[in-house]
Amino acid sequence: MSAPHDLPRWADVGLIPLINLLAALVVSGIVVAFIGENPIEAMMVMIKGAFVYKGSLGYTLYYATNFIFTGLAVAVAFHAMLFNIGGEGQAYLGGLGAGLVCLMFDSVLPAIVLLPLAIIAAAGLGAVWGAVPGYLQAKRGSHIVITTIMFNFLGASIMVWLLAGALKAPGQMSPETRVFSDNATLPFIHEIANAIGWEVARSPLNLSFVVALLACVGVWVLIWRSRLGYAIRATGHSAKAAEYAGISVSRVLIITMAISGGLAGMMAINEILGVQHRIVLNFTSGYGFTGIAVALMGRNHPVGIILASLLFGALYQGGAELDFEFSTITREMVLLIQGLIILFSGGLAYMFNKPLARLLAMILRGKRQTEAQHG
Amino acid sequence: MAQPNEKPSGETSLPLAIDLSNINKRFGDVHANKDVSLQVVSGHIHGIIGENGAGKSTLVSILYGFYTADSGSIKINGVATPIVNSADAIARGIGMVHQHFMLVPNFTVLENVMLGHEGGLRIDVAAQNARQTLEKLSADFGLDVDLDMIIEDLPVGLQQRVEILKALFRGAEILILDEPTGVLTPQETERLFDVLRALREQGVTVLLITHKLKEIMAITDDVSVMRAGQMVAHRKTFETSPPELAELMVGRKVVLKVDHSPASPGGDVLVVADLCLNSPGSAGALKDISFTLRAGEIVGIAGVSGNGQSELLDVLSGITPPSRGGFYIDGRYISRKTPANPAILRDLGVAHVPEDRHKRGIVLPFSAAESIILGYSAASDEGEGWWLSPETLDTHCRRLMQDFDIRPPNPKLVSGNFSGGNQQKIVLAREISAQPRLLLVGQPTRGVDIGAIEFIHKQLIALRYAGCAILVVSVELDEIMSLSDRILVMNNGQLVGGLTRDEADERRLGLMMAGIGADDHSIWASR
Amino acid sequence: MVDLWLQFLLTLDATCRVATPLILCAMAGIFSEKSGVIDISLEGKMLMSAFAAATVASLTSSALAGLIVAIGISVLLGLLHGLASVTLRGNQVISGLAINILASGLTVTVGIAIFQQGGQTPTLERDERFRPVELPLAEQIGNFPVVGTIYKEVISGHNILVWTAFATVIVTAIVLTKTRFGLRLRAVGEKPEALDSAGVSVAKTRYFALIIAGVLCGIAGAYLSTAHGSGFVREMTAGKGYIALAAMIFGKWQPRGALLACLLFGFLEAVASRLQGVQLPLIGAAPVDLILALPYLLTVILLAGFVGKAMPPRAIGEPYIKER
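Protein chains in written order, with numbering that gives the first Met the number 0: chain A, 0 to 374; chain B, 0 to 526; chain C, 0 to 323.
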């Protein structure tokens, strides 16, 4: 997406995201100070909450699982120059897919069949919710940003309607389905670890994390090692060149959005199959939007996305800790940091580039001069 | 005053409208203007000539405040004037007709002319005043145009007229025209020149930027020559000659003659039959095109750009399906009902060097190794099935880089970082190495330096000897005439005539390009 | 029959009230997008200014002070969007999105810090809000059939911001078609280089448009928390900014069309809230959620070109880069 010119690659990939993060933290720190708390102290609380306390790492990784999926979703679409901000809706619908499979078959199918089926359903429905805006962009010229925004709201309306109606558990007041039976749940990591005699604290971290890491490998292979990935990147950089090459641009756009939506949909397996074990209202809680921040920080590369997801996982988990420790700071602080990160690494992406490039050039020149003097 | 370049020849006694000295402008590593000085006599038509990329457009953009010079000084009518934006330029009486028109497509002519010079907060009042002024201007200079037409509904010739009107309306006494004839027929060009002469009569100074010698000789009083970002010569037009200017432009004597023994064509490779293409909005982009191209011959398509040549290439390469009629490739019929996309046509042996290298020919952010398989990534020797192997791509790219002398020979280098000539070689290497039956070439040497031009022409001739059928589309008549065995001329979406290599000369082609004096169709089209 | 007529009028009355923030934001969107800057930050600007208005009104006991600060905050966010999308040539969608998320986080965080009420402001008193104004003669002619009842039930009895919203539409239309700024605004969104070569600054024109958009979103936000509601509630805009965006597109970037779309969407919302829990013949419980989703669905259908074509300004979303 962003193509900074003058910076060496290592600086663009490594330094710039760090500077953006720092800028976001500094501004957030100012807000914290304004509220009357100590920013450094708040920072320490977050770090402890995210990594140090018993089970906190598990929580951090559990959040990171969501962000890996939604971050990958945004990144794949970015490679085709599509801005998918519909991850929220796609994940929501993905939850519907996984949930429906579980509700229908959890009494008849064994876990080994049911879970893969549920995962496929999650990806499938997410893919549909991504592919339709993709189709509308490719064939009808509707702006993907607007359409995916609308699809977020449409998805939410459908889910509210279903959860308050047809899918509501009998005898229940709250808008959610019945709890699935045990064979429809992904095992927790602490359960697996304990089973092999490894002492791990309880956390919502479950097998979805492994699926997320596999998805990262899959996306890397797709984008940089497959013909489809070549077509996606060619289309993204120059639709005219793709057309010239005999690549069907509209087909690539639709497929890309389907893959993107599928990845977002898979976020639901972490929440629905891994933790909630039923479909609940608003289980996506903005993770789809966080995916945008993750993809931006991670420079649309799976490795970057894993790192950025860890960061955001830590922010979310640490943010929850803020709630406990301070009466005046809530986890909405995390939204603020997230908004700032998106702002600095997206909207204001070029703000630090030029000064940094100049600074680097100066340092390099200085080094060369010193070398010349010595040589 | 020390002049790093050749001393301008304009007499100091005449009043100068424009006096630029030692202008410098860099874009990153490119030194687009290097110590450029220019003196333009008031009331003259002054030409600046140079090859593409010589720095002409940069220079006039600086003069018009579009770019800011890194150093150097500008004097307008003898007064030193900093020009940092277009508003400054306009205030100094400078008007400009850009190569790409600066018109709002969904505005009326009147709105476009008024824009930025409304003269008040309410535009209805301003419109009335503007209308009166414009009607007078139109009458004075023969610039008729309906003020209430929407710009996008006007032909380009008229749009250009609006641009001139716009400049005059803003009180321009110095008018810059950047490559104004690129989109015009020879006849429209004549009309434009009449207007320019009328402007000179009224005391307007005209600065004409072009790469066409003919235009310089036809209309200018003085001429300055630019090469590689520098001003290399100033002449009075009547004291110079086309050969001298050409030599100054390229820096040495140009012999654009390629070894070209008569063709010995084989069987028909491409047979185009009543091909039509409807373009959205207008009547038709291509109308009943029929011709035949045989193995081992080069057919050139001449025409003013925008007369359907691009569309023809798009259809023949499979990018756009024809609306009616069709064409045969080695007997296989391609039409609306039996369409073929570019991938299928490549399998049939059709290779295509596209007109727009940056948009179609390569993917600028791709590595050379990735760009050099564009369109061929389905070919079997680049890996099997679904996957791409970087090692195979690398080897393949290295081999082609060696065969076609592509520099630097680094497969990992980003395509956009190669020079224009080497980018074009990447495209040619890819297309020629596919050993095509038919090669479609659009603007083979656009934006390419002289050395690469010769290389590219030699490659095309060699391919002809190897029995490939080649269709060359170019707006450079010289190129068409030196490469082609036969020349077809397009005008307004139709083939209006054809000449053999020996019959062709610039005058006859020029008339045909304007759509008049077409020869008998049947003889050349079916030969 | 009379009762049904009254029900209908009350729904129209509610439509006006619900449509007010939509109209203001849609006009804001027109200014911004006509200038070539995509503005999905309508939502965030409105949320921030709703918070600012309620906070200041509560602290100063003046609704007007709240309105002024709300406008100021919203304009600042507009300038931030301008910095990102005009000056730094960043991605406009991302910038807008960032502002929305920022607003969600900041309103709650600062709200808790000031009022310790879980992100809400205290309920505003009478004087801290914009009160409905009865138009003259409303009571006297209110019983007059048709015209009288419409006057009393639909037109009269709104607060000043509702009428402001409707007036804004007229002003927007005049500015766009009849003024110098309007001409330049339309030009800069279609072909910025044309404006630049005419000697007018592209950046200034776009910033000016974003400031106007900020003012309008500020009024919309203040309306939500200090006129329509009586205090700020977290996430109180609830997607209204996006609905306004949809309405603007639905109205094909024209003031009149956008107004009609806002009224349609407002009407749907008013109907939905009237139908909440109502049993309809044949259907059963009214599908309120689906009615509320109609604006989004209609916009998707329109954008897909199934009912006429919505053409955005040509240069929208593209940062203007002069030097190559």
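It cannot be assumed that every hint is accurate.
Pairs of lysine to aspartate or glutamate residues, derived as DMTMM-like cross-links and limited to a Cα-Cα distance of at most 25 Å, are as follows [stated by the list, open to error]:
#1 A:53 - A:198
#2 C:321 - B:134
#3 C:177 - B:246
#4 C:321 - B:69
#5 C:321 - B:147
#6 C:177 - B:134
#7 A:138 - C:317
#8 B:235 - B:246
#9 C:321 - B:393
#10 B:33 - B:246
#11 B:286 - B:87
#12 B:213 - B:267
#13 B:358 - B:329
#14 C:251 - B:355
#15 B:411 - A:198
#16 B:358 - C:288
#17 B:235 - B:178
#18 A:239 - B:346
#19 A:138 - C:234
#20 B:336 - B:355
#21 B:211 - B:200
#22 B:213 - B:477
#23 C:321 - B:346
Hints listed in this document are in silico derivations from the structure and should not be mistaken for laboratory results.
Verification of the hints:
1. At most 25 Å may separate the alpha-carbon atoms for a hinted pair to count; residue 53 of chain A and residue 198 of chain A meet this at roughly 12 Å.
2. Distance check on the hinted pair: residue 321 of chain C and residue 134 of chain B sit about 33 Å apart at the alpha-carbon level, beyond 25 Å; violated.
3. Using a Cα cut-off of 25 Å, the hinted pair residue 177 of chain C and residue 246 of chain B is violated, with the two alpha carbons roughly 55 Å apart.
4. Simply put, residue 321 of chain C and residue 69 of chain B have alpha-carbon atoms about 16 Å apart, close enough for the 25 Å limit, and the pair holds.
5. Under the criterion of a C-alpha separation no larger than 25 Å, the hint pairing residue 321 of chain C with residue 147 of chain B is inconsistent with the structure, at around 29 Å.
6. Annotation: proposed proximity of residue 177 of chain C to residue 134 of chain B holds, straight-line Cα distance about 22 Å (limit 25 Å).
7. With a C-alpha separation of about 22 Å, the suggested pairing of residue 138 of chain A with residue 317 of chain C holds against the 25 Å cut-off.
8. Simply put, residue 235 of chain B and residue 246 of chain B have alpha-carbon atoms about 16 Å apart, close enough for the 25 Å limit, and the pair holds.
9. Restraint check for residue 321 of chain C and residue 393 of chain B: the C-alpha separation of about 37 Å exceeds 25 Å, so the hint is violated.
10. Only pairs whose Cα atoms come within 25 Å are accepted, and residue 33 of chain B paired with residue 246 of chain B is accepted, the gap being roughly 20 Å.
11. Straight-line distance between C-alpha atoms of residue 286 of chain B and residue 87 of chain B comes to about 47 Å, which puts the hinted pair past the 25 Å bound.
12. As the CA atoms of residue 213 of chain B and residue 267 of chain B are separated by approximately 37 Å, the hinted pair breaks the 25 Å bound.
13. As the CA atoms of residue 358 of chain B and residue 329 of chain B are separated by approximately 29 Å, the hinted pair breaks the 25 Å bound.
14. Taking the CA atoms of residue 251 of chain C and residue 355 of chain B, the gap is about 34 Å. The hint is violated against a cut of 25 Å.
15. Annotation: proposed proximity of residue 411 of chain B to residue 198 of chain A is violated, straight-line Cα distance about 48 Å (limit 25 Å).
16. Of the supplied pair hints, the one linking residue 358 of chain B and residue 288 of chain C is violated, its CA atoms being roughly 46 Å apart against a limit of 25 Å.
17. Taken as a hint, the residue 235 of chain B and residue 178 of chain B pair is honoured in the structure, with Cα atoms around 20 Å apart against an allowance of 25 Å.
18. Distance hint between residue 239 of chain A and residue 346 of chain B is fulfilled; the C-alpha atoms sit about 20 Å from each other, no more than 25 Å.
19. Distance hint between residue 138 of chain A and residue 234 of chain C is unfulfilled; the C-alpha atoms sit about 35 Å from each other, more than 25 Å.
20. The straight-line distance between the Cα atoms of residue 336 of chain B and residue 355 of chain B is roughly 28 Å, outside the 25 Å bound, and the hint therefore fails.
21. Using a Cα cut-off of 25 Å, the hinted pair residue 211 of chain B and residue 200 of chain B holds, with the two alpha carbons roughly 24 Å apart.
22. A hinted pair counts as satisfied when its Cα atoms are at most 25 Å apart, and residue 213 of chain B with residue 477 of chain B qualifies at roughly 12 Å.
23. Annotation: proposed proximity of residue 321 of chain C to residue 346 of chain B is violated, straight-line Cα distance about 42 Å (limit 25 Å).
Hint compliance for this structure: hints 2, 3, 5, 9, 11, 12, 13, 14, 15, 16, 19, 20, 23 are broken, all remaining hints hold.
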